[in-house]
Structures are given as C-alpha cells and as structure tokens.
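K.L.:
Chains as they are written, first to last, in numbering that gives the first Met the number 0: chain A, 0 to 246; chain B, 0 to 380.
Check before you lean on any hint, since a few could be wrong.
Said to hold, decoys possible - If you anchor each label on the Cβ, the simulated ranges turn out as follows: (1) A:Asn28 x B:Glu188: 24 to 30 Å; (2) A:Asn28 x B:Trp305: 55 to 61 Å; (3) A:Glu83 x B:Lys302: 32 to 38 Å; (4) A:Glu234 x B:Phe279: 30 to 36 Å; (5) B:Lys24 x A:Pro208: 53 to 59 Å; (6) A:Val67 x B:Gly62: 52 to 58 Å; (7) A:Glu242 x B:Pro275: 49 to 55 Å; (8) B:Ser5 x A:Pro208: 46 to 52 Å; (9) B:Ser198 x A:Asn148: 18 to 24 Å; (10) B:Glu56 x A:Lys197: 51 to 57 Å; (11) B:Leu142 x A:Ser54: 54 to 60 Å.
Said to hold, decoys possible - In silico BS3-like links for lysine-lysine, alpha-carbon gap of 25 Å or less: (12) A:Lys196 x B:Lys195; (13) A:Lys49 x A:Lys1; (14) A:Lys221 x B:Lys278; (15) A:Lys197 x B:Lys270; (16) A:Lys15 x B:Lys270.
Because the hints were derived from the structure by calculation, they are not lab data.
We put the beta carbon where it would ideally sit given N, CA and C, even for glycine.
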Amino acid sequence: MKILVLIGNVPDTTTKVKFNADKTAFDANGVQWIINPWDELALTRALELKETADSCIESIVVANVGRVETESTLRKALAVGADEAIRVDADPKDAFYVASQLAQVAIGFDLIFAGIEASDYNGAAVGGMLAELLAIQSVSAVSGIQLENGSLKINREIDGGSQTLAMNLPLLAIVQKGIAKEPRIPAMRGIMMARSKKLTVATPIEVEPLTSILSFELPAPKASCKLVAEDQAKELIRLLHEEAKVL
Amino acid sequence: MNFDLSEEHKMIRETVREFAEREIKPVAQELDEKAEFSYPLTKRMGELGLFGMYLPEKYGGQGSDILSYIIAVEEIARIDGSQAATLAAHNSLGIGPLYYFGTDEQRMKYLPQLCSGEALWSFGLTEPGAGSDSRGSKTTVELINKEWVINGSKIFITNGASDISVGSTVQAVSTMPDGSKTFTTIIVESNTPGFKRVSMHNKMMWRASDTAELFFDDCRVPEENLLGTVGQGSKIMLATLDAGRLSIAAMGLGAAQGAYELALSYAKERKQFGQPISKFQINAFKLADMAMKIELARNLLYKACWLKDEGRAYGLEAAMSKLYCSEIAKEVADEAVQIHGGYGLMKDYAVERFYRDQRLLQIGEGTSEIQRLVISRHIGC
C-alpha cells in the first residue's frame, strides 16, 4: 500500500504579511517557509500508520507544486520520515491549477492525504478537486483515521458530534486538526538521510487557472483603546452611542 | 566567499529551535528554580540525535560536521543554558576524548550508549588546587599489578554525578620509569570501587545541569582503561579543550541571541513617556550594539568551525571565539536586564536566568584570562 501526502509550502504563521506595490501579489521577501500545518499533521498520521506493527504500508510519498525554492520544505518532510518526494515545477497559480498538476503525479496511490486548507490563501479546494480529477472517492473534514487489517475507519467531526465511517480504497482523505496530536520534530539522522532520498522533479502540464487575483487588502488597523475615567459614566455612554454606535 | 548556510544546516537550526521552543522553554524556569537535572530532556536530546552528532554512524553518531553541532548548541543555549551545558559538556568533554583518542574497542564499548542520551560521560580535569594551572593536578595514577590505581579528587565536573553518568575520563599525574612526572588519562566507570561522585548544589548558574565532585580512593581499573598512551594526558587535554571552546562559544552566542531577543521584544512593548522604550535612542542604540556584537560573534565562531571541518588549524580562532562569544554574552545579558528595568530582576522574566547563566562562560573551560594567554602565544607575544 502506498500513501501520498500533499505538502503545501506556506509562509511561517508568524510572518508579517505584505503585498507588492499594485497589491496583486504577496511579497515573499525575507519570508520563512514551512510545511502547511494541516499537511504536516497529515504526514505525521501517515508515518504513525506506517509504524504500526501490522502495517501494510510500503512507502509514503510527498508531493507539491512549486519552484525549486520549495524543495527545502519537501526535504523537511523527507527528514521527518517520508520516503520520497515529487515536485511539480510550476508556480501554484490557483486551486484548480494545483489539483490538475498533482493529478498527473498522484497515480497509483491507495490513500491520499490532503490538508483541509492551506494556511496562506485558505482556499480549501485542492483536495476535493484532485479527487474529482482522479475519479476516486474522497471524504472531507477527517479528524481520525485508523487502518486495521487493511480496512479503513474514518472519524469526522460534525456539528454537535462525530461520525465514524468505513471506507474502501483508493481514497482521498481531506484532513483537519485532530488527525495527529503534534507534528514531529525530525531527528538529526532524518535530516542527514533526507539529502539522499529521492526527489523527483516533474514537468508541469498546460492548464489554464480558473481564477485570477484582482487585488489584496490588509485588514484595517485596530483602533486604539480609549480609556474613560471611572467618574465619567455619562461620557462613556455618549461614546458608546456616538462613536462606537453599539447602543 | 559564501556566507550562506547549507540547506542541511538551516534545517538543523530550525529543528533544534523548534525542539527548544516546544519542549525546553516551558520547563526551563521551573527546572532552574528547583535546581533539577532533567532526565526526560536529556533523553529527548539523545532521541533527536544531538549527542555525538559529529561521530560516524557506527558509533551511534550522525556523521554531521562540527558546524551542525555548534548550531545545535547555540539554539539550545538561546532558550536555556542548563540544557545547553548538558549537551555541550557531554559532546565535547564526555564523548570527544573517547572518540578522538580511544581504541576502536573502547569506542565501541562506550560511544553507542553515550550517543543515545541514555548515559552521560564526563571529563575529570579541574581540581580544587588546579584550575587555570591544570598542570598543578594532585590526582595520581600508578600501574600496580596490571591495574591503574587512582588517588585524588576533581571538582566542577559537568555530568559527573547524575543517575545516568556512567563514567569519567580522568587526567592524573603518573611517574615515568625515569622518575619524571607526566599526565596520563584513564577511563573510570562510575561503579568502580573507590570512585565516589557527589553532586554540587547551590550554584548561581546552570542550576538544572549536573555538576560533581569526584573522589578517588585507591580506585582500581584494568590496564586496558588507559586512554591514548602513557604521558599523552596533556595532549588529550589540550585537544579536548580546543574543541570544547567552540561549544562554550556557541553557548555564549546562543545566550546572547536569547537575551537580545527578550530585550528587543520587551523594549517594543514596554511604554514609558507615551511611547515604546525601543523608540528612545539610548535603548535603540543598545539594541543595535547587541545585534552587531552577535553578528560578529557568529561570524567568528562559524569561521573557527569551518577551519576545523576543513581539517585546518583552528586553535587560535577557537580561543578567540570562546573569549569573544562569552564576553559579549555578558555584555548583552547585562544590557538586556537594564532594558527590562525592575522586571529584569524578577524571576517571572527569563532574562534574569540568562544574566546568571552567562557568567560561567567567562570562567569554564579556560577563563577569559587563559584565552588571552592562548591568543597572545599564537600571535607570538
């Protein structure tokens, strides 16, 4: 059995977001890149499944769509324990474009993990699109996955409770928080081994993206806090009426 | 010339930083307060492969270069001096001499266990009456009936008395056949009769690291426990200290980085006279000086590591790195406390721990005075 984990290359979650002059693109200068947190949890769960005593998993492959500078993110996935990596050499233009590129390399896998969304653009679309393109079943919002004697049990968080499903393979699981406890920290041995693991660079196919970005806006800065002296209740009520307009 | 770190070095930095932030930071203050050595953290450092990083895989190492190891020490020291002390001492002083001077049999016997983090090893050099003047050692060793018999004591020995400290490399005075005195280094396992280890308490710094006094009272070990050759003790000591200086320098660099980051973030948040105190030139310039000193220290230390990794002489640069990194750690930690004002004196703020922990760095593994002596000899004074 082979598992594929989709890996998004996203800015570190503490990055101060800036855009270019005409506000049509993210300014990546000086940005630290990490594995998309949901993908990292997915990879952690895939590794846990492989390590169980009766595991039937032969290999875990990670894949992304990105330029050469995203390889360090893939190498980290290899350092954590993935067996090999595939990079489709293209800029990830939109969800459909990415899913279409991944569909070329996501063939022959029994189980595919996709994070529910990426922490940069929060599109939450690649997983579902890829399943459609591959014509395999998918299940969304997966928060638990067990593999026992070759059969798959899936947990999903639903409004007010949870749901347990039995699923057949092949399957694309769109996973959310809870799929694994904490992402793993690679050991030095893993980092040393990562450099010699196979990383295949695939040529992209011709696909037209379905969307184009008109502009980005940063949220309005938070207004400063106004302090009203304790004996000025009338002033407070006036401000709540006239400025905050909440009364 | 190229100042870029390799992808691998960057990944090691990120990884160790993540470990230190996630697993050491939440407990560092409490361990310091209780002066408690952390067995779980030591084990975790072993699992991550931080012990014996630069050793070949056959001995349980990771086959990395020295710079990788130094980056790891720096990143741990950025969060906690005590854990960095455990790491640096075990690697440079515990594992180092056994690896560089041990026979293959000795290496195979001890190193795999020491690299796993399940056991620690120490280097017994300093004595109550022999600090900077290490040749003033009084501990003696004599070969009697195919056994080395050791008598004397050692002090301030990091990783010497913990429950998982399984032995020590001990330097002692031996007498050559012609009656002359020389230094010889002996491997002593912790369970050897006549070998007593006592934890030292009430330290000002590195409170969560293990520091010991070692006592040898007719302590007998087999003849094959000789490390290197008879009379090679001084050479083993000097080589060990050269390498050890790089890791103490890394601790200084990491401590300076950690204290600087605390000061910068505090200065940006703390408001006085209606604005963040980082906006006052007096503080802004202090922070600028800190950043510059850290940059200089890092460049100097990484160059020394590069020389060692290239197999070139690095003794001068190692002494310079140890001296400079430890001295700027003092300056940066001092100003970091100043920027924190009264809060910098409270245990609720980590900066006071950095202020205490850095103070060892100008003393341990060759004082600042000894480093200046080493440098002055290198430059021909």
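K.L.:
Now, for every hint given, state plainly whether the structure supports it.
P.N.:
Now for the hints, and whether the structure bears them out:
Between A:Asn28 and B:Glu188 the CB atoms are about 56 Å apart, so this pair departs from the stated range of 24 to 30 Å. For the pair A:Asn28 and B:Trp305, the beta carbons lie near 28 Å from each other, so the given range of 55 to 61 Å is not met. In this structure the hint that A:Glu83 and B:Lys302 lie 32 to 38 Å apart at CB holds, the actual value being about 36 Å. The hinted window of 30 to 36 Å between A:Glu234 and B:Phe279 holds, with their beta carbons roughly 33 Å apart.
Distance hint check for B:Lys24 and A:Pro208: the Cβ-Cβ separation is about 42 Å, which falls outside the suggested range of 53 to 59 Å. The supplied range of 52 to 58 Å is broken by A:Val67 and B:Gly62, whose beta-carbon atoms lie about 26 Å from each other. At roughly 26 Å, the beta carbons of A:Glu242 and B:Pro275 sit outside the given window of 49 to 55 Å. Distance hint check: the CB atoms of B:Ser5 and A:Pro208 are about 35 Å apart, inconsistent with the given range 46 to 52 Å.
With their beta carbons about 52 Å apart, B:Ser198 and A:Asn148 fall outside the hinted range of 18 to 24 Å. As the Cβ distance of B:Glu56 to A:Lys197 is approximately 20 Å, the hint placing it in 51 to 57 Å is violated. Take B:Leu142 and A:Ser54: their Cβ atoms lie about 55 Å apart, and the range 54 to 60 Å holds. Distance check on the hinted pair: A:Lys196 and B:Lys195 sit about 48 Å apart at the alpha-carbon level, beyond 25 Å; violated.
In summary, the hint linking A:Lys49 to A:Lys1 is supported, as the alpha carbons are separated by about 10 Å, within the 25 Å threshold. With a C-alpha separation of about 21 Å, the suggested pair A:Lys221 and B:Lys278 falls inside the 25 Å cut-off, and the hint holds. As the CA atoms of A:Lys197 and B:Lys270 are separated by approximately 53 Å, the hinted pair breaks the 25 Å bound. Annotation: proposed proximity of A:Lys15 to B:Lys270 holds, straight-line Cα distance about 22 Å (limit 25 Å).
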